[in-house]
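Visitor: Each chain, written out:
There are 2 protein chains.
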Amino acid sequence: MSLTESSAADIAKTASFASRHLATLSNAARNDALTALHRALLDNQDSILAANARDVETASRAAKNGNLNQSILKRLDLSRPGKYADMLQGILNVRDLDDPVGKVTLKTLLDDGLVLERVSCPIGVLLIIFEARPEVIANIAALSIKSGNAAILKGGKESTESFVAISEVISEAISNTQVPRSSIQLVKTRDVVSSLLAQDSLIDLAIPRGSNDLVRYVKDNTKIPVLGHADGLCCAYLHFDANPDIAVKVIVDSKTDYPAACNALETLLVHEDALKTAFPRVAEALLSRGVSLRCDMPSKAALVESLPASQADLLLDATDSDYDTEFLDLTLAVKTISSTHSPDSAAEVAIEHINIHSSKHTNIVITGSKEIAERFMNSVDSAGVFWNASTRFADGMRYGFGTEVGISTNKIHTRGPVGLDGLTIYKYLIRGNGHGAGDYFEGEGGKKWKHEKLSL
Amino acid sequence: MSLTESSAADIAKTASFASRHLATLSNAARNDALTALHRALLDNQDSILAANARDVETASRAAKNGNLNQSILKRLDLSRPGKYADMLQGILNVRDLDDPVGKVTLKTLLDDGLVLERVSCPIGVLLIIFEARPEVIANIAALSIKSGNAAILKGGKESTESFVAISEVISEAISNTQVPRSSIQLVKTRDVVSSLLAQDSLIDLAIPRGSNDLVRYVKDNTKIPVLGHADGLCCAYLHFDANPDIAVKVIVDSKTDYPAACNALETLLVHEDALKTAFPRVAEALLSRGVSLRCDMPSKAALVESLPASQADLLLDATDSDYDTEFLDLTLAVKTISSTHSPDSAAEVAIEHINIHSSKHTNIVITGSKEIAERFMNSVDSAGVFWNASTRFADGMRYGFGTEVGISTNKIHTRGPVGLDGLTIYKYLIRGNGHGAGDYFEGEGGKKWKHEKLSL
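Sequence order for the protein chains is A and B.
Heads up: the first sequence begins at 277 in our numbering, then just goes up one per residue.
Heads up: the second sequence begins at 277 in our numbering, then just goes up one per residue.
These are calculated hints, taken from the structure and not from any lab test.
One should not assume that every hint holds.
Identical copies carry no separate label here, and so any pair may be met within one copy or between two of them.
Stated by the list, open to error - Computed cross-link-like contacts, SDA-like style, restricted to lysine to any residue with a CA-CA straight-line distance of at most 25 angstroms:
1. K379 / R651
2. K723 / R565
3. K289 / E448
4. K430 / S282
5. K433 / L490
6. K464 / S655
Based on the provided sequences and hints, a complete structural model is requested.
Guide: What follows is the structure, encoded as C-alpha cells:
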C-alpha cells in the first residue's frame, strides 16, 4: 500500500468510526454543533475573507493570462456582496429544518407483541468533491452534520487558501461539541482522491459538485454510488396553443436567467403550427437578449419571414449534434416538430425527442391544454417536468428544501434537487418477545400473520 | 460491435422504449396484465411442469455425479407440494397491492399559481439475473409490471427448460393486454449478460438474485446501480440479563429455521456474565439440533463445565476468520464479550464488533433491558435490527410487503427486503402560469417565495 493509499484508508476508517457515533446523537446535539459552526465562521470572517482574497488574487492573475475561466473567478470570490452572509444564513437555515433522522415511515403489527418499524437514519460516510466555490464547504458541513453523516471533503485547487481557513474554523468549532471532530475531514491534496474513490467498503456515497468532467471522472473511477448529474441538457416543448406571453416569459427566463447553470434551457422544440404564432415573439425576445439561435430549416424560414432582417441575419443553422449539446451559454438549439397525423401527435414526437436527447434533468412544456400538459408530465422521464414554468425552478432553495447538496439525475435513491432527505436511508426495527419465524406457516398449528398497519 | 453486443443494445433499447409506454399506463391496465398472466400460467401448468421435470431430471443426474449442489436441485423443483400454487397466488397478491406509482409524497405552494408536487414513478428498465429458482420469473414479472418497469430477465442454466416454457406463456399472455410485449424480455444465452451489464445508459437497475458469487460478479462488472446483497453475515448479541427461554427460542430459530438463507444467524456474541446463565441452555439446544459451535476460549470453558461430556466433546475452537464467515450451514461462531468497565460497556463492544464484522443485513439483541435494546437498535448499522426476535423475520413476505424482489444491504435507495416501493423513484412536477425564476430575489421589486406545505 502506498502512503496515499494508507492515508485514504485511515481517513475513511476514521470517518466511518465518527459516523457511527454521529448517528446516535440527538437532533439537539447536532443543532448545537451547527450553532457553534455559525458562530465560529462569523467570528473568523475577516481571516477567512483575507485567505479568500489571496485565492482570488492568484486566480485573477491566471485569468489575465488566459489560464482560468472568468466564471470560476466569479464563483471563487467570497467577498461579493451578500455572499458571506448568505453562507452564514444557510447554516442556520439547515439547523432549523425538521430533523431528517428518526422519522418512522412505516409501522406494522406483525403479530401480538411483534412490531415492525421503518425508521430514517443517516447513510454513513459521504465523500464530497467540489470545485472552486468555497462556501460549499460550510454548506456541505452543515447538511452532513444535520443529517448525521460524516463527510470527507475535497475542494478545488483554486480555493485552497479559503478552504484551509474555513476547514480549520470548522474543525475547531465542532471539537467543542458532541459531534466528533473527524465527522468533517478535509483533504488537501489531490492525489488522495483516487485512493479515496477506492474505499467503497467504508464510504457510502460520493457527491461530486462541479463540472461535467469532474462528475464523469468520479463516476468512471469508483464503485461507491455517485449522486449527481454529469449533464444538464434541458428542453422545452412549445405547443401550438401556447399563450405567447407565457411562452416568452418562460423561455426567456429558462435560457437567460443564468445560462451557465445546469437547469438552463438548451433545446427548444416548436410545434410547426406555433412557428408563425408564439415562436417569432419568443425568438425576438431571445435575440434581443443576445441569444444565438441554432435553427432547423422550417424554424429558420419562419423567422426569416417574420423578423426584421437585422435580427434574421443573426440566425444560425442547427446541426444534429446541437440537439445533444449542453451549451451552458447564450445559445439555444431550435427544432421544429411536425404534426403529420394530428396536432396532438406532435406532443408524442416531442416527448420521444426529450426522452432520447435530454439528460433527464428538467424539461418543460408550454401549452394551454391541461390534457397535453398532463400527458407530457406523465410521459417525460426526468427529475423535473414543468408546465408553463421556467426550467430554472429546479433548485433546492426554490423547492423549499433549504440548502441543497446538488441536483441528481440518478434514477434511484434521490432525484432532482437533493435536500436532507437524500442524505438519509432507513433501517427496519423489530421489537419482539422471543418470537421465532419458524412458528408461522400455513396449516395446522401454524401461527398467522396479523400484518396490521399501525398509525405513525 | 460484436453480434452479442448489438443484441444486448437492441434488447436494452427495446426495453427502454417499452418502459416509457408502460410508465404511462393506469394501475387498472397493469393489473389486467397480471390477471392475464395468472390465468395463462394456470392454464399452462401441465406443460410448464413437464418442462420443469426435464430440468429436474438433468439436474438430478448432475447431483448424483456430484456436479450439482442438492440445494439447487431442491430450489429447482416446481412440482414440490404448494410451490406452483404459491407462485400463482403470488401474482394475485402483487396485483392486489396498492399502486406504487403516482403517489404524491410532497406538495408545496411555491407562489400563487405555482405548485410543486413530488410523484412516485417507475425507475425504468430493470435487469434481473437469477439462478435456479424458476418461480422467480413469474414473481419478478409481476413485480415489474405492477411497478411500471420493463424487465430483462436472465435465469440460471439449470432451469432453462422451465424458464423457456414460463417465458413463452408470459409473453403470450401480456401481448393481449395494454402492457407492451417487450416489457418483459427473457435472455436465454449466458454470453449476452456481460454485454447487457455494459448498457448503463439504458438499464437503470440491476438485481442479481442468487449466490454471493453471482452478486459479486454483477457488482464488479457494471456501472448500473446494483440492488442486492453479496453476504448475509447476521449476528446476535446475548446480553447478561436475557431471559433464557427467549434466548433459546430466538437463537435456535435464527440458526436452524433455514441455515442456507441470507438471514440465518452466523455469529453469536455472548456477554461474559451470560456464559453461565442463559448461554449453556442455548448451546445445549443448538447442539441437540446438530449445530456445530465454534467457540472462543471463555465460552468453550463455560460449556465444558456445564454440559455433559457427550455434548462438550462436540465443541470446536473458533479462529479469527470464523467471525467473518457466512457458513450458510449448521455452524455458529461464538465469541465472548467481556465487560471490563461496566456491564453496559459490553454492549458497546458488541455493537462495534457487529458494525465491523457483520454484512449490515440483520443483527439482533437479546436482552431484558429496554435501554440496552434501544441503544443497540440506534447504534447498529444494518438493514434490520431486532430486539428479542429471530433474524429470520427479515423477509418481505413476513414484513407484509407481498412478494419481495430481494434483500438489499445497500446504504442508498432501498434497504432490507425490497417490495414494490424499491422499484419506484419519483419526479418533481411544477404547474405554473408563465412563471420565471428570475423574478424571485431579495430586495426591492423581488417576488417572495410562499413555500407553503399543501395537504396531500
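Visitor: Looking back at the hints listed earlier, which ones does the structure fail to meet?
Guide: Hint check: 6 fails alone, others pass.
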